[in-house]
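Protein chains in written order, with the numbering used here: chain D, 154 to 267; chain C, 671 to 908.
Hints were generated in silico from the structure; no laboratory data involved.
We put the beta carbon where it would ideally sit given N, CA and C, even for glycine.
Be careful, since some hints might not be right.
To spell it out: a stretch of chain D is covered by chain C in this simulated footprint if at least three of its residues, at any positions, have a beta carbon under 8 Å from a beta carbon of chain C; those stretches are [to be verified]:
hint	stretch
1	165-175
2	178-188
3	195-203
4	206-215
5	226-239
Here is what each chain is made of, one letter per residue.
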Amino acid sequence: MTGAPRRSSTRWLLAGALAVVVVLAAGASLLASHAPDGLTKVSQQQGFAHTGQSRHGLLSYGPVAGVVGMVLVLALAAGLARVARRRGGSGVPGGPSVPGGPGDGSGHAPRTED
Amino acid sequence: MHVPDGFLDAPTSLATGAAAVACVGAALRGARRELDDRTAPMAGLVAAFVFAAQMLNFPVGAGTSGHLLGGALAAALVGPWTAILCMSTVFLVQCLLFADGGITALGTNVMLMGVTTVAVGWLVMCVLRLVLPKRVGLVPLQAGVAAMVSVPVAALLFVALYAVGGTADIPLGRLATAMVGVHVLIGLGEAAITALAVASIIAVRPDLVRIARPLLAARELEIRTPAGDRDRGTGAAA
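Bound-form chain D, shown alone (with noise of 0.2 Å):
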């Protein structure tokens, strides 16, 4: 656990960066070149293009399914770190485990770098 400022300012900024994310997930469909993208683009330009399938999504990208579909990723990729730390405690083989520990000890802040 980190100092209560420390603990704010990250809230703010989490917050900050939700917002901004959430803009954009709203808007970037709106704002977007529908011109072919550079895959796209090579395999018309060197004859490939018709081997590719397309199909039908669920969703098509617009304001509504941007920001869906954004809390979908968030969500998973959120609940992908908690598994990740999880496995921190359950003795996964291999890696240091801690001993006894619940597996989201809040005061186990490993911090190695590369």
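Based on these hints, arrange chain C on the given structure of chain D.
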């Protein structure tokens, strides 16, 4: 650069799928060392930002567009293993919900736009951090350069995969030239967005930028020693 179903044959798609599963498995283990109370909330946000930014196609010359891939950015912010998890989440949702990228090509897309851009981006950033002056202010530049490099490398890897399992018989030299040409331009956009995003976070909370942490640790030591217990007087401008 989302690869649809049909560009690559089944054996190649199976191989990239297996490679992607292995990489995500390794990332789940590796991310444990990167995630702490401060960085864990960042993982969700970084993935969400990459997803949102990937919708924003920007024009890159005559009738072509590109978008952020985001691997170098994610690696700079949360570290390479967590970044691979973030990127894989993005491609999974794009593939299943938006039909953006083929289902059989999901592994290919994770490997090309996720693992490759993260690995190349992280590697370039680490090398630059090593050779450039140890200043936090240089981190956005390093991230930008890393992002710039990561995009054409991913494009070249697509060409390599196409050489192995492409379903059409086309001259590979021309394919490589075309892919690298377009993706160098897209890399410029990637560099700009990455440098801007990293610079914004460095400005408010440099400790939340993973690649900057060793530099910060060094800086804290430099400041604290003269100003602290030992009365050296140098630099203690309080």
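Verification of the supplied hints:
1. 165-175: holds (count 6)
2. 178-188: Three-residue rule met by the stretch 178-188 of chain D, so holds; n is 8.
3. 195-203: Answer holds; 6 residues pass the 8 Å Cβ test.
4. 206-215: The restraint on the stretch 206-215 of chain D holds, since 9 of its residues have a Cβ under 8 Å from chain C and three suffice.
5. 226-239: holds (count 12)
Against the hints set out earlier in the document, no violation occurs for any number.
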